[in-house]
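A.B. asks: Now for the letters of each chain:
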Amino acid sequence: MSDTQTFLDTLKTRSAEYAGEPSWIAARRQAGAARFEAMGFPTRRDEEWKYTDVRGIAQGHFKLADDVDFSQAQAATLSLPVEAHRLSFVDGVFAPGLSDIDALPQGVQVMPLSKALAENHEAVGGPLGRLTGVDFSAFAALNTAFMEEGAVVRIAPNTVVEKPIVLQFLSREGEAVMCHPRILIEAGGRSEATVIEHYAGEENAANFTNVVAELMLDRGAILHHYKLQEAPVGDFHVASIHVEQSRDSVYTSYNLNLGGALARNDIIADLNGENAYTNLYGLFFGQGRQHVDNHTKVNHNAPLTFSNENYKGILGDRAHGVFNGRVFVKRDSQKIEGFQSNQNLLLSDRAQIDAKPELEIYADDVKCSHGTTTGQLDEDAVYALRTRGIDEATARGLLTLAFAGEVLEQVALDAIAERVELAVAGKLPERFNLAGLVEAAAALNE
Amino acid sequence: MASEEMEQLVRREYKDGFVTDIESDTLPPGLDENTIAFISNKKGEPEWMLEWRLDAYRQWLKMKEPSWAHLDYPPIDYQAISYFSAPKRPEDRPQSLDEVDPKLLETYEKLGIPLHERAALAGVAVDAVFDSVSVATTFKKQLAEAGVIFCSISEAIRDYPELVKQYLGTVVPKTDNYFAALNSAVFTDGSFVFVPEGVTCPMELSTYFRINAANTGQFERTLIVCESRATVSYLEGCTAPMRDENQLHAAVVELVALDDAYIKYSTVQNWYPGDENGVGGIYNFVTKRGECRGDRARISWTQVETGSAITWKYPSCVLRGKDSIGEFYSVAVTNGRQQADTGTKMIHIGEGTRSYIVAKGISAGKSDQSYRGLVKINPRAKGARNFTQCDSLLIGDTCGAHTFPYQEIGNSTAKIEHEATTSKIGEDQLFYCQSRGISEEDAVSMIVNGFCKDVFQELPMEFAVEAEALLNVTLEGAVG
Chain H
98 MSDTQTFLDT LKTRSAEYAG EPSWIAARRQ AGAARFEAMG FPTRRDEEWK YTDVRGIAQG
158 HFKLADDVDF SQAQAATLSL PVEAHRLSFV DGVFAPGLSD IDALPQGVQV MPLSKALAEN
218 HEAVGGPLGR LTGVDFSAFA ALNTAFMEEG AVVRIAPNTV VEKPIVLQFL SREGEAVMCH
278 PRILIEAGGR SEATVIEHYA GEENAANFTN VVAELMLDRG AILHHYKLQE APVGDFHVAS
338 IHVEQSRDSV YTSYNLNLGG ALARNDIIAD LNGENAYTNL YGLFFGQGRQ HVDNHTKVNH
398 NAPLTFSNEN YKGILGDRAH GVFNGRVFVK RDSQKIEGFQ SNQNLLLSDR AQIDAKPELE
458 IYADDVKCSH GTTTGQLDED AVYALRTRGI DEATARGLLT LAFAGEVLEQ VALDAIAERV
518 ELAVAGKLPE RFNLAGLVEA AAALNE
Chain P
22 MASEEMEQLV RREYKDGFVT DIESDTLPPG LDENTIAFIS NKKGEPEWML EWRLDAYRQW
82 LKMKEPSWAH LDYPPIDYQA ISYFSAPKRP EDRPQSLDEV DPKLLETYEK LGIPLHERAA
142 LAGVAVDAVF DSVSVATTFK KQLAEAGVIF CSISEAIRDY PELVKQYLGT VVPKTDNYFA
202 ALNSAVFTDG SFVFVPEGVT CPMELSTYFR INAANTGQFE RTLIVCESRA TVSYLEGCTA
262 PMRDENQLHA AVVELVALDD AYIKYSTVQN WYPGDENGVG GIYNFVTKRG ECRGDRARIS
322 WTQVETGSAI TWKYPSCVLR GKDSIGEFYS VAVTNGRQQA DTGTKMIHIG EGTRSYIVAK
382 GISAGKSDQS YRGLVKINPR AKGARNFTQC DSLLIGDTCG AHTFPYQEIG NSTAKIEHEA
442 TTSKIGEDQL FYCQSRGISE EDAVSMIVNG FCKDVFQELP MEFAVEAEAL LNVTLEGAVG
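So the sequence lines, in the order shown, correspond to chains H and P.
Quick note on our numbering: the first sequence kicks off at 98 and runs consecutively.
Quick note on our numbering: the second sequence kicks off at 22 and runs consecutively.
Just so you know, the hints here were simulated from the structure itself, not pulled from any lab data.
Beta carbons: idealized from backbone N, C-alpha and C, even for Gly.
Treat the hints with care, since some could be wrong.
Stated by the list, open to error - Partial selection, computed: residues in chain P whose CB lies under 7 Å from chain H:
hint: 1; residue: Asn55
hint: 2; residue: Ala58
hint: 3; residue: Asn62
hint: 4; residue: Gly65
hint: 5; residue: Glu66
hint: 6; residue: Trp69
hint: 7; residue: Gly421
hint: 8; residue: His423
hint: 9; residue: Ser433
hint: 10; residue: Ile437
hint: 11; residue: Glu440
hint: 12; residue: Thr442
hint: 13; residue: Glu462
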């Protein structure tokens with residue numbers, strides 16, 4: 098039986114659930130299934146998947162979860178310590194008990210996708226699948242075929258949402274399951290909001306999450322978008338984020354990737370109006386045999402658009418990192434500025450990084466540059482710290498954190514920056530001996 | 022610049038476009054095993070060479086033409102190409118320049134390359150490839166005294182079969198890629214250089230390639246071997262006559278450097294790029310690769326690419342020996358409707374290997390240019406080092422410039438740096454020059470030459486002069 102067939106068979110078992118849904122949803126679902134069947138899972142012969150082998154997913158047998166049993170206590174330890182409007186999902190299923198969307202300010206709609214689909218809500222009719230079509234990838238097609246749950250966020254024009262909106266996805270131990278969340282965010286003109294996607298779970302979970310997010314920023318909208326992926330190290334995580342920006346909008350992405358056996362992120366930003374601004378910040382950390390692949394694409398489709406990208410990777414043990422960043426400038430999109438930087442730190446001889454920063458430019462009045470470096474800690478810097486009485490292990494640890502710090506200092510939410518910094522410090526190899534430092538830092542934060 | 026002046030410059034015709042009327046002993050178009058047997062027989066090759074060619078051909082039949090490059094061209098009909106063309110009287114080969122067909126000498130005159138003068142004055146031995154058979158080789162004696170072998174690959178197969186057998190296809194295997202396989206099957210000429218242990222080649226070796234005779238693709242095969250502590254500098258330059266039909270060129274160049282050897286390979290390529298509508302022009306699919314087989318060996322590629330309608334070329338270095346060095350310096354200029362997808366591969370295998378890449382791309386008109394490079398660090402290549410600088414300059418708003426650098430790093434002791442920028446000539450830069458009485462065109466020329474300086478510095482003197490002139494001619498009228 099082919100790998101795709103396993104998934105299509107699972108889809109068939111679901112058909113009773115989908116009976117009676119509006120015809121447009123059924124049509125998209127069928128299109129997704131057909132496209133997935135035609136494309137099959139990507140292989141390393143596909144340029145976009147050259148360095149990432151998805152056989153672990155393709156050959157897996159994943160069921161679909163039906164219940165949301167998850168202890169409040171455990172959820173509390175995993176949840177981000179921020180005051181927020183929160184939607185929670187357990188193995189992809191909406192968990193009302195872990196959610197809190199009672200006190201939404203005026204002009205803000207946050208609801209699970211299942212509710213929007215059931216109501217045939219206007220928030221899904223037009224936008225769903227408009228940015229991420231089934232042709233984008235086999236995973237996007239699969240997501241469309243299985244789309245049941247996810248989140249819909251709508252922010253009315255001129256609305257500033259004070260508290261962040263957290264979309265929390267928890268992964269459970271036990272039988273391997275998959276989920277295909279779909280996230281739709283519409284940011285109205287001159288609105289401002291912070292949305293946090295957070296992936297976490299029980300230590301021994303080994304599930305497959307395949308999420309597709311479509312983000313629309315109207316004129317002058319400001320959206321801070323965090324994706325904190327600290328899923329269990331047995332999880333497979335595939336995500337695509339497609340952003341559409343109108344003029345004067347500002348989109349800032351913080352892609353913080355720590356977990357998962359295999360994680361693949363695709364971030365595509367379309368700058369369609371003048372003076373649109375995109376910031377892409379990324380930090381990825383891998384250890385053990387983790388595989389983390391980040392693909393970003395910034396499309397300067399309009400003149401006078403700006404992008405700024407900074408991705409940093411730290412890889413230890415036998416971890417494998419991939420960075421593929423592309424800046425595209427459309428013909429006649431003049432007065433563009435596009436900057437891209439990718440730096441990688443290899444902590445072990447068996448760690449591997451494949452980097453491919455690309456520029457594709459069809460206009461002449463542009464300032465575009467990219468830089469990428471890969472190496473190890475600067476021995477002079479280690480020496481400098483040691484002359485000041487810091488032992489070597491701590492010096493290396495500090496420098497590694499400083500390396501990550503260049504991205505984390507951009508993170509506006511302190512709670513998240515600190516959490517990631519502590520997580521990275523805690524994961525560093527023994528020889529970096531940061532236990533004392535971590536404690537000291539934790540004490541300071543309290 | 023005034024628009025009519027610009028118009029005039031853009032409409033400028035290819036300076037080196039003309040056809041020399043020499044009767045060619047040309048094979049009718051088509052490719053099958055008989056074609057290959059004919060070529061092999063014509064060259065008087067031994068049996069093993071024919072077998073080698075046929076094996077490559079059979080493998081080629083099973084291969085698919087690559088489509089990953091950022092290039093757009095109509096499908097090539099490999100049966101519509103004639104695979105052999107040689108000037109008449111092969112037995113009656115000229116022994117000196119005086120015996121060379123005067124029409125051929127005239128061709129060189131028109132190109133501004135007076136062979137004898139240049140050879141004598143510059144002290145350069147020239148193995149000129151006119152179509153597919155070498156017609157003039159000079160300074161052979163002087164080289165022989167130093168123990169250097171410099172001859173056409175056909176002669177080498179005849180006279181030094183053991184050497185050829187030992188090295189041919191060891192850097193670029195027969196089935197390395199589609200075009201290399203095709204070349205292995207049908208190559209008709211090219212150069213062979215062998216520098217024995219401890220010898221520094223007494224002069225710069227140079228071959229001028231010319232493509233001539235309609236519908237003839239050229240399939241050059243060049244093999245350069247430097248034994249321990251040997252050094253050679255090899256120059257390759259190309260121009261081609263004007264023609265309406267696309268000409269296919271699929272060359273293979275292999276370099277082998279043993280312990281402490283140094284090979285410097287410089288190219289100025291100025292083949293016919295096609296007219297302003299993109300009609301005609303050379304299709305240039307080249308596989309160039311050098312292997313630093315010995316410790317501390319060094320291979321340096323320098324290229325100035327201004328011609329061809331389609332360029333598909335990635336001069337590469339396999340750094341196998343400990344502490345070996347690979348270098349790549351490139352200036353690629355595209356104008357009109359030219360398309361170039363070029364770059365390099367640096368494969369670090371040995372410990373302490375270093376590579377250095379400087380690529381400068383200039384796009385003008387409606388042309389499209391891509392830098393495509395790979396830096397691969399094997400887990401065993403401890404302390405490997407790479408620096409890559411790749412800059413693009415866009416002239417006009419209808420061209421494209423792209424960078425696709427691949428980095429595959431499997432070693433924590435490696436240090437890899439890559440920088441790329443894309444920009445245009447700054448208005449302020451132009452204004453600054455013009456305010457000092459420098460004309461706009463001179464200012465552009467000055468800025469562009471400055472942009473390329475890092476690469477031109479690596480060229481041998483006479484090539485550097487030619488390259489600067491070429492650059493100015495190619496970009497004439499591109500700025501307004």
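A.B. asks: Indicate, hint by hint, whether the structure satisfies it.
C.D. replies: Status of each hint after checking the structure:
Nearest Cβ of chain H to the Cβ of P/Asn55: about 35 Å, over the 7 Å cut. The hint is violated. A distance limit of 7 Å between C-beta atoms decides the matter here; for P/Ala58 the minimum to chain H is near 36 Å, and the interface restraint is violated. Checking P/Asn62 against chain H by beta carbon gives a least distance of about 40 Å; that is not within 7 Å, so the hint is violated. Taken as an interface hint, P/Gly65 does not check out: its beta carbon lies about 43 Å from the nearest beta carbon of chain H, beyond 7 Å.
Interface hint at P/Glu66: violated, since its Cβ lies 37 Å from the closest Cβ of chain H, which is beyond the 7 Å cut-off. The restraint placing P/Trp69 at the interface with chain H is violated, with a minimum CB-CB distance near 35 Å, outside the 7 Å limit. About 4 Å separates the beta-carbon of P/Gly421 from the nearest beta-carbon of chain H, less than 7 Å, and the hint is met. Taken as an interface hint, P/His423 checks out: its beta carbon lies about 5 Å from the nearest beta carbon of chain H, inside 7 Å.
With its C-beta approaching chain H no nearer than about 4 Å, P/Ser433 sits inside the 7 Å limit, and its interface hint holds. The restraint placing P/Ile437 at the interface with chain H holds, with a minimum CB-CB distance near 4 Å, inside the 7 Å limit. Contact between P/Glu440 and chain H, as hinted, is supported at the beta carbon level, the nearest pair being about 5 Å apart and thus within 7 Å. With its C-beta approaching chain H no nearer than about 4 Å, P/Thr442 sits inside the 7 Å limit, and its interface hint holds.
Annotation: P/Glu462 was flagged as interfacial toward chain H, and the flag is violated, the nearest CB pair being 18 Å apart, outside 7 Å.
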